[in-house]
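Trainee: Chain residues, written in single-letter form:
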Amino acid sequence: MFTKKQLLTKGLLSVAPHMFSVIPFGIVCGAIGIELGFSPILVYAMSIIIFGGASQIVFLQLLSGGASTLIAVTSVGVINSRHLLYGAVLSEYLDKLSFVKKLLISYLVVDQGFAESNKFFQKNKNEPYLHYHLLGSGGTLWIFWQLSTLSGIILGSFVPEEIGLKFAVPLTFIAIVVQDLKKLDHVIVMITCGLSSLLFFNAPFKSYIIISPIIALFVAALVLKLKK
Amino acid sequence: MTWSSIIIAGIITYFTRMTMVALVDRDLLGEKIKAVLAYVPSAVFPAIIFPGIFINDYGTFIEMNDPKIFGAIVAILVGYFSRNVIATILSGLFSYWIIIFLL
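Quick mapping for you: the protein sequence lines, in order, are chains H and A. Just so you know, our numbering puts 149 at position 149 of the first sequence, and the rest follows in order with no gaps. Just so you know, our numbering puts 39 at position 39 of the second sequence, and the rest follows in order with no gaps.
Source of the hints: derived by calculation from the structure; they are not laboratory data. As the structure is a computational prediction, the values presented were derived from the model and not from experiment. The reader is advised that the hints may include incorrect statements.
Unchecked claim - Example chain H residues on the side facing chain A (calculated, C-beta under 7 Å, incomplete):
| no. | residue |
| --- | --- |
| 1 | Ile34 |
| 2 | Leu62 |
| 3 | Gly65 |
| 4 | Arg82 |
| 5 | His83 |
| 6 | Gly87 |
| 7 | Ala175 |
Here a beta-carbon is modelled for each residue, glycine too, at the ideal position from N, C-alpha and C.
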């Protein structure tokens, strides 16, 4: 059995390697906001209020491009709807928490934190304080997201675009799923999702980000049926 | 106007995080759905990976000789055999940089 402190540390360490993508992406996010002419306070406040990298950039780009606030808000909702899937997976492990604790820890559910904590949860189902791992992973991501968007706001246009730091984002997610390439069923689901995302890339409100997982999960259900 | 829309976007985003954790009773989900949910990482993350590699900043497809494809292949191979997250990310970034800066 792990202590609360051990789980918190394990959560922290599990997402530490992902800082190679979180920090550059945060800097880019802050810098883009300033470049598009928004006030520094507003750009930074989004990191606390929305706390969702890609959706923050899309929101500002849409508004500065003259889109209505309704379209911008809808896009944020659609892009972040993938969290519903993360929550559905995590709920099994957070079941015993009080309602208030569930409300609080939900704020920290983000892509990389979900991915790493979920991997740990699958192997350690019976630990009593599992949520401390999520607190460690999500909390670390939160702190570094705040610091990096702030840095981007301060550095502004000094951030060079050409070195392609945004490429760290797909790489970080490759690192998360790469071991599942050993399982044929997962490979089928991944390819379905990936191809769907390219096919539906131009669908309105960036909805490819939720359409392709839904298609991929239907394929997963089919695969499960065939396996029986 | 911008402020209020940020706050609304924030509330919606928080609900996407909180609804399944705090509001929906897990027993409502059947065994079949729970089995399908095991595929969530494999079903979601390629939707971030594929466009991040194959589509450029202007929303169009990249050429097949784009350095990002090479970087991604290196990262997949290194990640698969090393099982190391840092090695995966850095090998992909460096092989990408080597091509754009040296070649």
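Trainee: Would the stated hint for H/Ala175 survive a check requiring a Cβ distance to chain A of less than 7 Å?
Mentor: For H/Ala175, the interface hint holds, since the closest Cβ of chain A sits about 4 Å away, which is under 7 Å.
Trainee: Holds or violated: the hint that H/Gly87 contacts chain A, with Cβ atoms closer than 7 Å.
Mentor: With Cβ-Cβ at 3 Å, under 7 Å, it holds.
Trainee: Does the nearest C-beta of chain A fall within a distance shorter than 7 Å of the C-beta of H/His83?
Mentor: For H/His83, the interface hint holds, since the closest Cβ of chain A sits about 4 Å away, which is under 7 Å.
Trainee: Let's test the interface hint: is any C-beta of chain A closer than 7 Å to that of H/Leu62?
Mentor: 10 Å, violated
Trainee: Per the CB criterion, is H/Gly65 less than 7 Å away from chain A?
Mentor: 13 Å, violated
Trainee: Hint validation: H/Arg82 versus chain A, beta carbon distance must be below 7 Å. Holds or violated?
Mentor: Given a least distance of 6 Å, the restraint on H/Arg82 holds.
Trainee: Using the nearest Cβ pair, does H/Ile34 come within less than 7 Å of chain A?
Mentor: 15 Å, violated
Going down the numbered hints, you'll see the structure goes against 1, 2, 3, while the others check out.
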